[in-house]
Amino acid sequence: MQPLHHIAWHLPDALDFQDLRLSLADRFAYKHETDRKRVCRWYDTFDWRLYRSNYILTREGQDWILRDLAGKKIDMLRGSRKIYRFSQEFPESSLRDRLAPILSVRALIELGRADIHRERLYILNGDKKTVAQIELKKIVSQDGERQSAIIHLREIRGYSTWMKKVQKYLLDLNIREKATVADVLLFIAEGSGRHPLDYSSKYDVPLDPGMTALDAALRIYRHLLTAIRKNEQGVIDDIDSEFLHDLRVAVRRTRSALTLLKGVLDPAIEQRFKKEFKYIGAITGPVRDLDVYLLSRDSYSQYLPGRLRRGLDIFFDDLAGRRRREQRKMVRAMQGTRYRNILDEWESILAPDAETAAGRNGNIPIGELAGKIIHKRFRRLLRDGKKIHVDTPDEELHRLRIECKKLRYSLEFFSSLYEPKQMRQFIRQLKMLQDNLGDFNDLSVQQNMLADLLSHVSPGTVKSRELAAALGGLMTGLFLRHRDVRTRFENTFAHFSRKKNLALYHALFGR
Amino acid sequence: MAVIAVYNIKGGVGKTATSVNLAYLSAESGNKTLLCDMDPQGSASYYFRIKAPKKFNAGKLLKGGKAVVKNIRGTDYPDLDLLPADFTYRNLDLALDDFKKSTKRINAILKPLIKEYDHIFLDCPPNITLLSENIFNAADILLIPFIPTTLSLLSFQQLLNFFKKTGIDKKKLHVFFSMVEKRKKMHLDMMARFQGRKRVLKQHVPFLADVEKMGIFRKPVLEIAPNSPAARSYRLLWREVEKIVAKRK
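Line by line, the protein sequences give chains A and B.
Quick note on my numbering: the first sequence kicks off at 12 and runs consecutively.
Quick note on my numbering: the second sequence kicks off at 9 and runs consecutively.
If you're looking for bench data, these hints aren't it; they were derived computationally from the structure.
Do not take every clue at face value.
[Said to hold, decoys possible] DSS-like cross-link-like pairs, simulated, lysine-lysine; straight-line CA separation at most 27 angstroms:
(1) 175/A x 62/B
(2) 139/A x 40/B
(3) 42/A x 59/B
(4) 221/B x 139/A
(5) 123/B x 178/B
(6) 285/A x 241/A
(7) 42/A x 93/A
(8) 62/B x 176/A
(9) 416/A x 397/A
(10) 221/B x 179/B
(11) 179/A x 68/B
(12) 119/B x 62/B
Modelling step: build the complete structure from the supplied sequences, incorporating the hints.
Laid out in structure tokens, this is it:
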């Protein structure tokens, strides 16, 4: 079956709705309807997950409407007055099922809103049957200052000749500039200071091998500082867990770059800001740790038999309370002078007109320095990894995890200097090793946390008995998984350091 | 996806009003819906102000495929399309007889439409003929409007016998009372006898002037008088049918 035609044009400024109606009345019989004014709100996650998946979500009046970027209606949830932030807050519906995998843990935020005035003209034939539909849409910004008018023409199945007749008539009225839903949304977003894809949590700073290490470092630091700044408000408003996560990643990358690119800036500056960013890491750490547990609430309860789950609820409700307290503490710190000063001073050092002095490595071309840095990290990782055997204490594995992370960051910082396909391949190999070590670490941290908690449970009440039982159950589960991950390390590392991968490394970095 | 046929051996029991209003409600709740007017009188088409295109006839219908798709028309309501009836449909029985597998021809015609629509309604002509048998085979749900009188009971019995004889699944059958007049004792008695039985729907549609106004306004009663008792009873009826559709999946 042929899809129905639907065309939208911008209405020329010279033509208002009444002119258009009068003019159409000369040629066509129609029925005219005016809709009530509706407020149209546009929603997406901070990092544009819907837009990236080719979706646009709006709430118009009481309806949630999901469209593709071409404007085709994909799904709809009618008559819901409530504002939903997370996909799991939506009532059971196909819309929720569609949103859940895309949004994941991210919250919807309102990107902008506008008033929409709508009129409909139903073109009628001799039997007074509708044979084409015109929709006139006037979009007015909330401050009433900007407006845009769009005319839609829709085909009715089996009446394509009428559609063509109307289309030709509109063309004669000089209506010819095509419009898309994206235009409407850009209009809505304009007042809000956002535009599509203006944020991504992916690290992507292109470098050029000929530039000095100083220029490259400044570029990297500036990008990371912007990421920190962009996520601040979301962290303070506590919109979802990913603002804090992204902020902390940018902080960690900055710290890592300060170490890896040692001697590129003035050593005094490097020393100082290493400490300062460590402070930011410390004040934001507790909330993130709690977030990690809270996000795994569902998967935790899967590990427990039904009768122990009540204790788990006690545990998580307690965690949520603790998180609220920690969040308040963190916000106070982030609004405090030390935090402000760190970022403001860092910004002034990075400013393009600051003429920041180079350290002893600052004038080496980055192409040269990058190779040295990566090679050092890689050599050290291989050396330390090979030393690990079945009886090596856990701390050694944690140290190796940090080594991996350093290599990973240096690969990311400098990936634009190397052959992209091989680079992706090599990072993939490294990631497998990192996943193993990461799981191992997470499981250790969680076991310690639970053990600590268990030691604080005061005996006596039913509630504490249930809690203790649930904690015991969880610890057993975590212990078994921990052991399982540990036994897999040797194979994972052997896989990473196999000949084929060393050859790949050699081809990439020439060493 | 479900094919819902509205059928009764007897005429004048409210088949077309049922098809038109239920199809309207199906589309209103967001389902892509097609109403096939199978009755040569073309009443459903008339209610939607749609005329069969000049080149369309029974032969084209039986050919199926593009010949059918080309003649589907959009109604005035979103997500609701209609395949208009042509007067030549009065000879559909004779024409069907020329086909191999002549009792499954309508199945074949509907097949390409099944992936396009969520619900397909068939507004059927009265009688038990080869066309009816085709429709019984094609339908997932056979909705039978039933005026609570003795004669209706007799015709229902005939239908059950026919199902037994042809081996069509009896579970497709769903009966509801139509054109009910509460002041008639016989109607109430008949309904009392059937109420609560398997495959008898709870909701009935009363005999109301608003339903007859559809012919004057040429619109579904849900458009003419959306808050009338008639509209309400169709809404409740649709809710019940929707549940049957859902359960079938």
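Do the hints match the structure? See the list:
no., hint, verdict
1, 175/A x 62/B, "20 angstroms, holds"
2, 139/A x 40/B, "23 angstroms, holds"
3, 42/A x 59/B, "20 angstroms, holds"
4, 221/B x 139/A, "17 angstroms, holds"
5, 123/B x 178/B, "25 angstroms, holds"
6, 285/A x 241/A, "21 angstroms, holds"
7, 42/A x 93/A, "34 angstroms, violated"
8, 62/B x 176/A, "21 angstroms, holds"
9, 416/A x 397/A, "17 angstroms, holds"
10, 221/B x 179/B, "34 angstroms, violated"
11, 179/A x 68/B, "32 angstroms, violated"
12, 119/B x 62/B, "24 angstroms, holds"
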